[in-house]
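Novice: Spelled out from the first residue to the last, the chains are:
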Amino acid sequence: MLLGIDVGGTFTDAVVVDGGRVISHAKIPTTHGRLLECIAQAIDRSLSELDVKDITRVALSTTIVTNAIVEKKIAKVGLVVIPGPGVEIENLVPLPPVVVSGYTDHRGREVAEILEREILAAGKQLRDCETFAISGKFANRNPQQELQAAAWLKRETGSQHITVGSQLTGALNFWRRTNSAYYNAAVWPCFRDFSQAVEAALKQRNIHAPVYILKADGGTMPLAAAQNLPVEAIFTGPAASVFGVMTMACPKIPAVSLDIGGTTTDIALWQNGLPLFAKQGIAIDGYPTSIRALRLRSVGIGGDSHVRLVNGELKIGPEREGPAMALGGKVPTVSDAFIVAGLVDFGERRLAEQGMASLGSSKVEETAAWIIDQAAQQIVQAIEGIIAEWSAEPVYRVEDIVHHAPFTPQLLVGVGGAASGLVPAVAKRMGVAYELPVGGAVVNAVGAAVARPTLEVSLRADTAAGDYTVAECGVKAALSKSRFTMSDAQELSRHYLLGRAEQAGIAADDMEVVQQEEFNVVRGFSTVGKIMSCQLQIKPGVLTTIAGFSKEEWQ
Amino acid sequence: MKKQLGLVFFPAFDWAISSTHPERQERLLYTRDQIVEEGLLDLPAIKEYKPRLAEYADVNRVHIGIPDIAALITDAHLVSAGGAITAAQAVMNKEVERAFALVRPPGHHAMRMVHGTRGFCTINIEAIMVEHLRQHYGINKVAIVDTDVHHGDGTQDIFYHDPNTLFISFHQDGRTLYPGTGFIEEMGSPNALGTTMNIPLPPGTGDQGLHTVLDELILPVLNDFKPDIIINSAGQDNHYSDPLANMAITAQGYARMADKLKADIAVLEGGYSIEDALPYVNVGIILAMAGISYKKVVEPDIHKCPSQSKATTEYIQTMVTKWQDIWRRRDVLAKQAKLDAGDFWHRKRSIYYDDSGISEYQKESIRLCSHCSGYYTVETEADRPGAGLQTAFAAVIPRAACPSCKAAGKDAVAAAKRQGHHKYYFLQDKQQDYLEKL
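Protein sequences, first through last, are from chains A and B. Per my numbering, the first sequence starts with residue 1195, numbered consecutively. Per my numbering, the second sequence starts with residue 3, numbered consecutively.
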């Protein structure tokens, strides 16, 4: 049995998945500021008729990291950077960093040394900081300076945590790695407290199954691993929803999925049975990071969106002014239109009709149809927007410009409270088929329950220099053979990914190459070597597909 | 809010002239690494654009390919030219303040007539961009400042008879470097005299010499000419580490130049010190164009940069003074050149295509019309390996041609065809915007 928990802004859901069905679920109001309370309640409620010994895995999608940043319940971080020459990074990061000497160039060669006395002085200067983050330019090509600086800093400050930028990602982008490292160190104490409380609460309930935390890219990581990388657990709600769609109605053809809630609609694109990932990491508080996420767009339309006329023109959302009039609200909403149009049935139809009539026409069905059509149109525009954005993304090969295939969705999948009212209208406008999987109301918890662990490594080999780097593992070593090929690079990546997976305690049965590049190094008209890079990951996906729910009331 | 800089970055990672040629897949690899690692593409002042493919009509507005341009180029050339156009459009549509097309393959050695590839260039991406702007955005006066170490002979050729295009090229002296042209005396044909400005610099010129030329000559001349738009052919091979040239410019020298020049659009040309120069020079130019501090962009091996000799400093000062004098007297000189030439001005040249191994022989005649810049004709012959002798006659009608020149140009090509001495006949009518093969 898989236990999945999603802490959302309004509700906390828990589901138990077994044998390809959701056999139990619970919905509890989220207790802000005391998240453990609603998590414990949701667990207890969902397991009330089950034997906890049968739980084989617990997975949690939580707002703890997001909230810590929004509410500024973060640690005082000492940020140390090794930028070398280039852009002046001092004013681009969330707080003034201490800049130290040292430089590693684009091929991972040390050009200028780091100085122990400078690092120790930085430690003294930052002695009132709780945690530290250290980040160096091109440290992903050679992590030695970062690791050495971290060791000196640890000795000087005795800090319980130092985030090292290159261990968060092997990808280029010093600015993003620095911001990621800062936020990781900032949320570290808060996440440690939270994860200890979760462990205690589970232990108290005799649940000894391994615990996983959802990441922004929809993969999961073991709780122990998450303690070093807590920032990865940011913005997981939309990812949980997308992975819920994957397990309940995975589209195999080019598709768009919509999670239509109370105030927003989240849009994701699908190709080859997988959601598309964002090319760049997410931004936190306006600072770009290297944290990988799904390609999503949010539009301010949902069931509770306020509907009004402005100079004779219909305006929908993005504000919410309370519940639907059918439920006693004061202003008409999109949900009132659904009720009048006969698409859903809740609350008092009479009040919903009054809401429609308040928009100026006695023909309430026509008004409802008008609202639904307008709302659908706004969603279609947002879908076109995210597709256009995908299509306009720069590529660096002639082949990719000349043979660029457009993304043409053929299916719409809708989940979330307001999906049944809007998805048919959106599908009609787009001229595609649609699906509304059963159980869309707890889709996030389902997604968390089944999302598989993911992990990656980035290997870069430079046969001209005779060495290779695996940033996430803090490795820079000599190549053992003189004729090193791309398939050797893949094999070596596999070796490191397996090692990393074993250390984290996760299965590495389904690996895939995310990206690879190979260039000849030519000096003076002769080829002196090759530069190869290979990014390998444990493929994101779901542990099981879900055929249905054992309780009929979930529609 | 309008962004400061639009950046079209297209390293063409799957295209090379040949596997060990300087124009190969690896050329912008380290530049890509540096740009991405510095986070430049994420800066709020910078917007990255995906290049479009240029259309053949864009290319045929500038070039006359023998037997046709499609037979001579690859898709990479269309992306590169398209990237320059994308950059220009972002500026013209006021999405960005200025733009930089960091693209390859380069183009400034490609002339109007094209038989093959010379100086790594097949089609002239700046010229294609400029003529696209004139056709679609009503731009008239254009200044092109070519800061590549090699003379921009292709761009010079294309605009040699056009008084509305000021072409300024500084470069390592042609007596010491490919393509061997670009001397002060090449100043444009009589109707456009003074709108071609060549500034040959001695080997070993450093930041100091470059900025003397910029401050005392190029910037004042631009100020006098008052162009609608300034283009920078931003070659980076004046760098002290470039393997194909002998100059001593640094990343700081280039960045400060970009800062002063304030080009509306910059387009990458050459630059083959792919590891030691390009990553730093490009970061410097991008930051300068985006209005961000570039003070800390310094090459790790800056101690290897030689200093400029006293003799070089003096030589440059003398040449600047000489050009200042020519520029002041340009109208008088143009009048005299017209008087000397009569109704038509002629020139005969041989042109070598080093990458294709082709020698071309060319005859040009331009009518020195008093109503317009005059139509001109070009006769070309070239022995192309595998294709035999290629001969062609073309007439070019400029955008602002008077009715008489327009008719005369058409008659000239029709008469040539009747005589039948050539294999191909072309009419490039820039007024009606078409290239016709007769």
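A couple of the hints might just be wrong.
Quick look at which bits of chain A chain B covers, simulated, 3 or more residues with Cβ under 8 Å [said to hold, decoys possible]:
id: 1; segment: 1246–1256
id: 2; segment: 1293–1302
id: 3; segment: 1531–1544
id: 4; segment: 1614–1622
To spell it out: a stretch of chain B is covered by chain A in this simulated footprint if at least three of its residues, at any positions, have a beta carbon under 8 Å from a beta carbon of chain A; those stretches are [said to hold, decoys possible]:
id: 5; segment: 13–21
id: 6; segment: 27–36
id: 7; segment: 56–69
id: 8; segment: 121–130
id: 9; segment: 216–229
id: 10; segment: 384–390
In silico DMTMM-like cross-links for lysine to aspartate or glutamate, where the CA-CA straight-line distance does not exceed 25 Å [to be verified]:
id: 11; chain 1: B; residue 1: K297; chain 2: A; residue 2: E1284
id: 12; chain 1: B; residue 1: K52; chain 2: A; residue 2: D1594
id: 13; chain 1: B; residue 1: K5; chain 2: A; residue 2: E1393
id: 14; chain 1: B; residue 1: K298; chain 2: A; residue 2: E1310
id: 15; chain 1: B; residue 1: K4; chain 2: A; residue 2: E1307
id: 16; chain 1: B; residue 1: K52; chain 2: A; residue 2: E1284
id: 17; chain 1: A; residue 1: K1473; chain 2: B; residue 2: E97
id: 18; chain 1: A; residue 1: K1524; chain 2: B; residue 2: E97
id: 19; chain 1: B; residue 1: K298; chain 2: A; residue 2: E1578
id: 20; chain 1: B; residue 1: K5; chain 2: A; residue 2: E1587
id: 21; chain 1: B; residue 1: K49; chain 2: A; residue 2: E1559
id: 22; chain 1: B; residue 1: K52; chain 2: A; residue 2: E1310
id: 23; chain 1: B; residue 1: K5; chain 2: A; residue 2: D1479
id: 24; chain 1: B; residue 1: K298; chain 2: A; residue 2: E1282
id: 25; chain 1: B; residue 1: K5; chain 2: A; residue 2: E1307
id: 26; chain 1: B; residue 1: K96; chain 2: A; residue 2: E1587
id: 27; chain 1: B; residue 1: K49; chain 2: A; residue 2: E1307
id: 28; chain 1: B; residue 1: K4; chain 2: A; residue 2: E1310
id: 29; chain 1: B; residue 1: K52; chain 2: A; residue 2: E1578
id: 30; chain 1: B; residue 1: K49; chain 2: A; residue 2: E1583
id: 31; chain 1: A; residue 1: K1670; chain 2: B; residue 2: E97
id: 32; chain 1: A; residue 1: K1724; chain 2: B; residue 2: E97
Think of the hints as simulated: they come from the structure by calculation, not from any bench. Even glycine gets a Cβ: it sits at the ideal position worked out from N, Cα and C.
Novice: Would you mind marking each hint as holding or not holding in the structure?
Specialist: Right, here's what the structure says about each hint:
Evaluation of the coverage hint for the segment 1246–1256 of chain A: breached, as 0 residues show C-beta separations to chain B shorter than 8 Å, against a requirement of three. Residues of the segment 1293–1302 of chain A lying with their CB closer than 8 Å to a CB of chain B number 4, which satisfies the three-residue condition for coverage. By the rule of at least three residues with a Cβ nearer than 8 Å to a Cβ of chain B, the coverage given for the segment 1531–1544 of chain A is violated, with 0 such residues. Residues of the segment 1614–1622 of chain A with a Cβ under 8 Å from some Cβ of chain B number 0, which does not satisfy the need for three, so the listed coverage is violated.
Counting residues of the segment 13–21 of chain B whose beta-carbon sits less than 8 Å from any beta-carbon of chain A gives 6, enough to reach three: the coverage restraint holds. Counting residues of the segment 27–36 of chain B whose CB falls under 8 Å from any CB of chain A gives 7; the rule of at least 3 is met. Remark: the segment 56–69 of chain B is not confirmed as covered by chain A, as 0 of its residues place a Cβ nearer than 8 Å to a Cβ of that chain, below the required three. Coverage of a stretch by a chain is defined here by at least three residues with a beta carbon nearer than 8 Å to that chain's beta carbons; for the segment 121–130 of chain B and chain A the count is 0, and the condition is violated.
Only when three residues or more bring their CB closer than 8 Å to a CB of chain A does the claim for the segment 216–229 of chain B stand; here the count is 0, and the claim is violated. Residues of the segment 384–390 of chain B with a Cβ under 8 Å from some Cβ of chain A number 0, which does not satisfy the need for three, so the listed coverage is violated. Proposed proximity of K297 (chain B) and E1284 (chain A) is supported: the alpha carbons are some 13 Å apart, at most 25 Å. This hinted pair checks out: K52 (chain B) and D1594 (chain A) have alpha carbons roughly 11 Å apart, not beyond 25 Å.
For the hint pairing K5 (chain B) with E1393 (chain A), the CA-to-CA distance comes to about 48 Å; that exceeds 25 Å, so the pair is violated. Between the alpha carbons of K298 (chain B) and E1310 (chain A) the distance comes to roughly 23 Å, so the proposed pair stays at or under 25 Å and holds. Straight-line distance between C-alpha atoms of K4 (chain B) and E1307 (chain A) comes to about 41 Å, which puts the hinted pair past the 25 Å bound. Under the criterion of a C-alpha separation no larger than 25 Å, the hint pairing K52 (chain B) with E1284 (chain A) is inconsistent with the structure, at around 30 Å.
For a cut-off of 25 Å, the pair hint linking K1473 (chain A) to E97 (chain B) stands: about 23 Å separates their Cα positions. Between K1524 (chain A) and E97 (chain B) the alpha-carbon distance is near 43 Å, which puts this suggested pair outside the 25 Å criterion. With a C-alpha separation of about 42 Å, the suggested pair K298 (chain B) and E1578 (chain A) falls outside the 25 Å cut-off, and the hint is violated. Taking the CA atoms of K5 (chain B) and E1587 (chain A), the gap is about 17 Å. The hint holds against a cut of 25 Å.
Using a Cα cut-off of 25 Å, the hinted pair K49 (chain B) and E1559 (chain A) is violated, with the two alpha carbons roughly 46 Å apart. Distance restraint check for K52 (chain B) and E1310 (chain A): the Cα-Cα separation of roughly 44 Å exceeds the 25 Å cut-off, and the hinted pair is therefore not satisfied. For the suggested pair K5 (chain B) and D1479 (chain A), the alpha carbons sit about 20 Å apart, so the restraint of at most 25 Å is met. The hinted pair formed by K298 (chain B) and E1282 (chain A) meets the criterion: a straight-line CA distance of about 7 Å does not exceed 25 Å.
Taking the CA atoms of K5 (chain B) and E1307 (chain A), the gap is about 37 Å. The hint is violated against a cut of 25 Å. A distance of roughly 20 Å separates the Cα atoms of K96 (chain B) and E1587 (chain A); the hinted pair therefore holds under the 25 Å criterion. Of the pairs offered as hints, the one joining K49 (chain B) and E1307 (chain A) is violated, with about 34 Å between alpha carbons and a cut-off of 25 Å exceeded. With a C-alpha separation of about 44 Å, the suggested pair K4 (chain B) and E1310 (chain A) falls outside the 25 Å cut-off, and the hint is violated.
Only pairs whose Cα atoms come within 25 Å are accepted, and K52 (chain B) paired with E1578 (chain A) is accepted, the gap being roughly 18 Å. Between K49 (chain B) and E1583 (chain A) the alpha-carbon distance is near 13 Å, which keeps this suggested pair within the 25 Å criterion. At most 25 Å may separate the alpha-carbon atoms for a hinted pair to count; K1670 (chain A) and E97 (chain B) exceed this at roughly 43 Å. A distance of roughly 40 Å separates the Cα atoms of K1724 (chain A) and E97 (chain B); the hinted pair therefore is violated under the 25 Å criterion.
Violation of the numbered hints given earlier is confined to hints 1, 3, 4, 7, 8, 9, 10, 13, 15, 16, 18, 19, 21, 22, 25, 27, 28, 31, 32; the remaining hints are satisfied by the structure.
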